[in-house]
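These protein sequence lines are chains A and B, in that order. The first sequence stops at residue 134 when you use this note's numbering, and every number in between is there. The second sequence stops at residue 142 when you use this note's numbering, and every number in between is there.
Fair warning: there could be bad hints in the mix.
Across the chosen pairs, the derived CB separations fall in these ranges [unchecked claim]:
1) 28(A) x 110(B): 17 to 27 Å
2) 114(B) x 62(A): 37 to 47 Å
3) 109(B) x 115(A): 29 to 39 Å
4) 124(A) x 108(B): 12 to 22 Å
5) 23(B) x 116(A): 52 to 62 Å
Keep in mind that the hints were calculated from the coordinates and are not lab data. Ideal Cβ placement from N, Cα and C applies to all residues, glycine included.
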Amino acid sequence: MASQLKVDTITGVTTAGSISVTGEGNSTTTNLQQGLVKMWMQIDQSSFGVLDSLNVSSASDDGTGLFTVTRSNNMNNSNYGVATAVMSDRVGILGSNGNTYTTSQNNFTNNDSRDASYHDPSRNGIILTGDLA
Amino acid sequence: MASELRVNTLKDAAGNNSIATSFVASGSAKAWVNINMATGANVDSFNIASITDDGSGTFDATYTTAQATANYVICTAGDDNTGGNSDLVTIIGAPTNQAQLGTWRSAAGRVDTTKACASIHGDLA
Chain A
2 MASQLKVDTI
12 TGVTTAGSIS
22 VTGEGNSTTT
32 NLQQGLVKMW
42 MQIDQSSFGV
52 LDSLNVSSAS
62 DDGTGLFTVT
72 RSNNMNNSNY
82 GVATAVMSDR
92 VGILGSNGNT
102 YTTSQNNFTN
112 NDSRDASYHD
122 PSRNGIILTG
132 DLA
Chain B
18 MASELRVNTL
28 KDAAGNNSIA
38 TSFVASGSAK
48 AWVNINMATG
58 ANVDSFNIAS
68 ITDDGSGTFD
78 ATYTTAQATA
88 NYVICTAGDD
98 NTGGNSDLVT
108 IIGAPTNQAQ
118 LGTWRSAAGR
128 VDTTKACASI
138 HGDLA
């Protein structure tokens with residue numbers, strides 16, 4: 002029977018921050034909170050603007066190929082994962098600069114794998130997974 | 018008390034922002050990992066049973082629960098290293114049980130980067 006649940010907040014019963022969801026193959030479960038992306042954004046480095054985002058409070062232009070992202074809600078620790086993709090006619094790499102990889106912020110760098118020169122592509126996608134504070 | 022809720026659609030209390038539960042299940046990352054290849058440490062992860070060092074700049078991240086097919090997506094990021102020699106994390110192979118990843122540094126070849134991240138999206142078995 003089709004059903005519809007209207008709710009603003011979902012909380013686990015045994016552990017508030019842990020809810021199991023049945024996988025697509027119907028044979029295993031996955032953890033809802035752990036699998037959710039905790040931040041995502043599409044950023045234009047060329048004209049510098051955040052095109053769309055989740056859990057991003059601000060982004061600052063730090064010079065050609067460089068920018069910093071600050072989150073609305075911090076991560077629980079700095080062990081989270083970052084994944085990126087760049088739309089560029091060159092072979093761009095969006096690295097997560099080790100200088101700032103904190104619970105609240107990340108530095109990102111976009112450069113060319115052939116000569117390591119910096120670039121400002123117009124579309125960069127970023128997702129972040131891990132534990133929220 | 019533990020409980021199980023069976024529902025097709027989620028909405029907020031005002032009846033807005035409808036989303037099918039299929040989007041919750043399909044839209045969630047099925048695994049993610051942050052690896053320090055230099056030390057071989059699994060810094061943090063979800064649905065990763067083990068990390069295998071396959072040599073300089075290559076490693077396998079084996080899932081606790083496998084993916085349903087080999088058609089899933091792996092998104093990656095590596096460390097910039099401050100000096101412009103960015104580490105690119107690439108996909109060597111993607112069978113249902115593990116992500117086989119490599120790291121390539123600008124103009125330097127394979128290296129063991131200190132931060133190799135991957136996020137896996139698709140259908141669980």
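Verification of the supplied hints:
| no. | hint | result |
| --- | --- | --- |
| 1 | 28(A) x 110(B): 17 to 27 Å | holds, 24 Å |
| 2 | 114(B) x 62(A): 37 to 47 Å | holds, 42 Å |
| 3 | 109(B) x 115(A): 29 to 39 Å | violated, 21 Å |
| 4 | 124(A) x 108(B): 12 to 22 Å | holds, 21 Å |
| 5 | 23(B) x 116(A): 52 to 62 Å | holds, 56 Å |
Going down the numbered hints, you'll see the structure goes against just number 3.
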